[in-house]
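Visitor: Single-letter residue listing:
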Amino acid sequence: MTSENLIRVQDLVVRRGNATVLDIQELTIRQGRVIAFIGPNGAGKSTLLLVLAGLLRQAGGTIYFQDQPVNSAASLKLLRQNTSLVFQEPLLLNDTVYNNVALGLKFRKLKSSEILRSVSRSLNYFGISHLVKRSARTLSGGEAKRVSLARAFTIKPQLILLDEAFNSLDPPSRESIIEDLQNVLNETRITAVLALHDREETLRLAQDVAVMSQGRIAQYGKTAEIFNQPADVFVAGFVGTESILEGLVISGSAGCMEIAVCDRVIEAKGDFPVGKKVYCCLRPESVTVMPGLSGITGSQNTFLAVVRKIVRQAYFYKLYLNCGFPIAAYITMQSLEDMDICEGKVLTVSFKASAVHVLDRDAKL
Amino acid sequence: MELIILGIIKAFELIVTFDAEVLGITWLSLKISGTATLMSLLIGISIGTAVALNDFPGKKIIISLINTGMALPPVVVGLFVTMMIWRSGPFGFLEILYTPYAMIIAQAVIATPIVMGLSIAGIQNLPPNLRLQMLSLGASRLQMIWVLLKEARLALLAAIMAGFGGVISEVGASIMVGGNIKGYSRVLTTATVMETGKGNFDLAVALGIILLILAFLVNMVLTQIQQRQRPR
Numbered sequence: 001m002t003s004e005n006l007i008r009v010q011d012l013v014v015r016r017g018n019a020t021v022l023d024i025q026e027l028t029i030r031q032g033r034v035i036a037f038i039g040p041n042g043a044g045k046s047t048l049l050l051v052l053a054g055l056l057r058q059a060g061g062t063i064y065f066q067d068q069p070v071n072s073a074a075s076l077k078l079l080r081q082n083t084s085l086v087f088q089e090p091l092l093l094n095d096t097v098y099n100n101v102a103l104g105l106k107f108r109k110l111k112s113s114e115i116l117r118s119v120s121r122s123l124n125y126f127g128i129s130h131l132v133k134r135s136a137r138t139l140s141g142g143e144a145k146r147v148s149l150a151r152a153f154t155i156k157p158q159l160i161l162l163d164e165a166f167n168s169l170d171p172p173s174r175e176s177i178i179e180d181l182q183n184v185l186n187e188t189r190i191t192a193v194l195a196l197h198d199r200e201e202t203l204r205l206a207q208d209v210a211v212m213s214q215g216r217i218a219q220y221g222k223t224a225e226i227f228n229q230p231a232d233v234f235v236a237g238f239v240g241t242e243s244i245l246e247g248l249v250i251s252g253s254a255g256c257m258e259i260a261v262c263d264r265v266i267e268a269k270g271d272f273p274v275g276k277k278v279y280c281c282l283r284p285e286s287v288t289v290m291p292g293l294s295g296i297t298g299s300q301n302t303f304l305a306v307v308r309k310i311v312r313q314a315y316f317y318k319l320y321l322n323c324g325f326p327i328a329a330y331i332t333m334q335s336l337e338d339m340d341i342c343e344g345k346v347l348t349v350s351f352k353a354s355a356v357h358v359l360d361r362d363a364k365l
Numbered sequence: 001m002e003l004i005i006l007g008i009i010k011a012f013e014l015i016v017t018f019d020a021e022v023l024g025i026t027w028l029s030l031k032i033s034g035t036a037t038l039m040s041l042l043i044g045i046s047i048g049t050a051v052a053l054n055d056f057p058g059k060k061i062i063i064s065l066i067n068t069g070m071a072l073p074p075v076v077v078g079l080f081v082t083m084m085i086w087r088s089g090p091f092g093f094l095e096i097l098y099t100p101y102a103m104i105i106a107q108a109v110i111a112t113p114i115v116m117g118l119s120i121a122g123i124q125n126l127p128p129n130l131r132l133q134m135l136s137l138g139a140s141r142l143q144m145i146w147v148l149l150k151e152a153r154l155a156l157l158a159a160i161m162a163g164f165g166g167v168i169s170e171v172g173a174s175i176m177v178g179g180n181i182k183g184y185s186r187v188l189t190t191a192t193v194m195e196t197g198k199g200n201f202d203l204a205v206a207l208g209i210i211l212l213i214l215a216f217l218v219n220m221v222l223t224q225i226q227q228r229q230r231p232r
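Chains as they are written, first to last, in the numbering used here: chain C, 1 to 365; chain S, 1 to 232.
If we strip away everything but chain S, and leave its shape as in the complex, we get (with noise of 0.2 Å):
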């Protein structure tokens, strides 16, 4: 118990002073994970559309691979990214292991099936014939996909707050492919298993408040967005 008031006190006094390496921290993981979920949204709404309007056969089956993928451990896609970005990996040439550019790739590929699988089900829970409705109100194919996204933005804003909930919380993909290094790669999550390991209660449990009060202001602000759209 005297740790956790301790972390608390401990974390109060890291906010109040703005503690430089702290404040790094933080900026570095709502950068990371901002890239990453941003990243995830282009490509996890656009084939999650696409695969949403269009029939096709194994169409169900790709729908069990997104929604297996959304359950993707983190180590694992640590795992693959480090394999394909190695020096010898196919992207290697890159050399961006131990980059924050690998962090924030691992980070989109954990996020993009969450996204992609939340707006296929959010595209596919309007009503069949609104599809239909808009091309026959004379809706070209463009304004007809605007119009479902509009419709869907209730759970296509849950799907950004799970594809961003779902990475500026995971650890193993970024400390494989990211490697925790001070003043470079090192974000919150990472830094709170450092100093835990450390044994630096105190801190670890301070930046764990930290990243808990950056998810929530960003998860707060997606709400109030999403409950202001909601029909009354």
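If we strip away everything but chain C, and leave its shape as in the complex, we get (with noise of 0.2 Å):
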């Protein structure tokens, strides 16, 4: 019976020079899942998808392939026979793309046969049969970004490991590639590990997330645990928590709370102690947006709110907006125009108790 966990790792340090760039205690990845790992530039991500590929030695720490320490060289190869990763840039070599997609086939010098068949499947899978014969230097980024991710499956690995492998492609390849690698891993259930900086990305495409944040991860969780019960004002910012609002708890009861920003008082659940210093985490598609005075109902988390800047987004329009606290929401196109929004305006706020997420102040980042 193969164990659920694919890799762990335990006490991880990996250095450069005198600076260390990784540092992580404990991190499980379990056999089938997609996991991505976001942060910001310098967080360690691509030191981690090399440390997990075999590729990057560590300074101190274990990883446990298949719950077998990697401490030698049968292992190492062990690893690095079962993983597959991929690069941002497409790496290919100036060679036809048949044998581009089959090399890792011949470095294991398997037959012939074998080789065309697992090359047409991954082929397949990203939609290139017909480039076989195109030399790999006469082909688009999007093209020679699906080539590189066909040559990762075709060894048949049990960890695919990308790292930032969507930079760099107009959207509309991003957008397709990003559907075939959901369908891939979809039909293969070949554990993924993802290096990303985009959220929109990560939302689409993993089920768990780890934040990294100077080399350590900040919180790692199921993807909707992340992004809505960020750990700290960090991972609160980076996963798109456009308000976060100092407060205080001034009542409690029930899993109820009410707790003063600025002038106002924001309802919230939850169970800290009266006094407490808390933030208040609000996404900003949490909050809904209506004309004029025409929702002040008395409600809890209602409240007027004056347009301070709107800026357009891809799709849609976000409003920063002031209502004695400062507060982001999205907008469409068709309602900003239906409500004549422009900044100055006075309009209504609001959002479901359960919507703001209440961190403590005072814990430790």
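Think of the hints as simulated: they come from the structure by calculation, not from any bench. As the structure is a computational prediction, the values presented were derived from the model and not from experiment. Beta carbons: idealized from backbone N, C-alpha and C, even for Gly. Don't take each hint at face value.
Pairs of lysine-lysine residues, derived as DSSO-like cross-links and limited to a Cα-Cα distance of at most 27 Å, are as follows [claimed, not checked]:
no. : chain 1 : residue 1 : chain 2 : residue 2
1   : C       : K269      : C       : K352
2   : S       : K150      : S       : K60
3   : S       : K150      : C       : K111
4   : S       : K150      : C       : K77
According to the in silico footprint, chain S covers these stretches of chain C (three or more CB under 8 Å from chain S) [claimed, not checked]:
no. : stretch
5   : 72-84
6   : 91-97
7   : 102-108
Quick one: dock chain against chain with the hints and give me the complex.
Guide: Following this line, the structure appears as structure tokens:
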């Protein structure tokens, strides 16, 4: 019976010169999961992927692959033979697409008939069968990326590692490659570790998320948990919680609290004691915007707000408002036009008590 | 001008009549420089690859020394090799001074840093993560090196051309360690020097032209191979 833990990392330390670039006490990657490592540049995501691929030696700690420590040439070979790393750049050889995709299997000295079968399947996965005879140097960026992904899947790895693999692709190519990757991961059930910095890609692809900062894992859990219940202000900020407000718990009972924020009172779910200094975290998509005074009904978490700034996003607008405290909200272009929203306009904003994620302000970051 | 025209006519005459002495000298030049280039490839590419792929203290100094070696004056090499294989030198027991073997060694010493320096540059010019990508696909160290050398083949072919060009055209070392012995260690460059010294300019020009044709033919073949491999 195979273990559920594909890879486990304990007390991992990686140094570059005198600087510690990775310091992870415990990390377990379960078989069949898709995990995204997100974090700012220099957080250690790429370094971690290199270590997990067996391509970078750690200064301390142990990696366990299928519950066996990777501490000998044989175990390192086993790890490398069962993992496949896709770098940001496609790194294709000056050869045909077929020979590029077949490379891993040729290294393993498989029979040509077997190689042909595996290569054909991988090319099909990524819709590039028609490119099989083309020279890799004549491919577009999107095609080259597909070839590099097909090459990684051809060796049927147990673990696939993708290091910001969708960067530098135009939006349509990125969109369709992500879709194909999702399908392949669903079909093959291969465990995947992705280093990403795009929240949308993370939400689409990952079942689990680890947020990294300065070589450490700040929070690791299910995607929804990370995005809705960030463990600290750093994670909250990184996963797109726009409004992080300092507050003070002024009353509480039965899992509900009233929190003073500036000169307003916000209702939130939680059990912090009265007098506790907290942060109230609110995602922009949890905030509803209504025209004028129409929404003021005296219910909780409904405030009059003045529009401070309107920022156009890809398919919608982001409003920065002031309702005694700063708050951000998303709105569609249609709603923006219908409500005739402009800077300085007074609107009503509301959000549910359950949408407010409360963090202890005294907790150690 | 007349000398040059006479030289060209003489060269043509020597070539079409298959002059035995000239053919012998040409063949010996090709054998000595070809063997020296081959030796320099074996040493230069293997050490160049090792230097390019490994990080070690003093690497930059080593590369600087190799690059300096690319401009080694042939007479200095000739002097050094002569002292090494002189009767009382450390390799005097080999008794190869004034033989084609000594010329091969001297020419290999000249070509090796050229091949090594250009190999290092060619391999270092590859994408830095390519090596890791190959290992990640399950390549053994040898398989990885083979792939990298294949990817750097354009630069390596340029290294072969530069190495061969450097030795087929040198005269100082060959004359010092080979002695320019007729029918034994006389090559195109040493013969050209000798004929010029004797005032036989037409023959010297003819030998020079044959040398140029030889260099051109070898480089043309290598260039054909190189350009066929060029990414389109």
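Visitor: None of the hints should be skipped; say for each whether it holds.
Guide: Going down the list of hints, with the structure as the test:
1. Note on K269 (chain C) and K352 (chain C): the hinted pairing holds, with a Cα-Cα distance of about 9 Å set against a maximum of 27 Å.
2. For the proposed pair K150 (chain S) and K60 (chain S), the alpha carbon gap of about 25 Å is at most 27 Å, so the pair holds.
3. The suggested pairing of K150 (chain S) with K111 (chain C) holds, with an alpha-carbon distance near 22 Å, which does not exceed 27 Å.
4. Between K150 (chain S) and K77 (chain C) the CA atoms are separated by roughly 24 Å; this keeps the pair inside 27 Å, and the hint holds.
5. Given a C-beta distance limit of less than 8 Å, the hint that chain S covers the stretch 72-84 of chain C holds, as 4 residues qualify and 3 suffice.
6. Only residues whose C-beta sits within less than 8 Å of a C-beta in chain S count toward coverage, and the stretch 91-97 of chain C has 3 of them, enough to reach three; the restraint holds.
7. Remark: the stretch 102-108 of chain C is confirmed as covered by chain S, as 4 of its residues place a Cβ nearer than 8 Å to a Cβ of that chain, reaching the required three.
The structure is consistent with each of the numbered hints, conforming to all of them.
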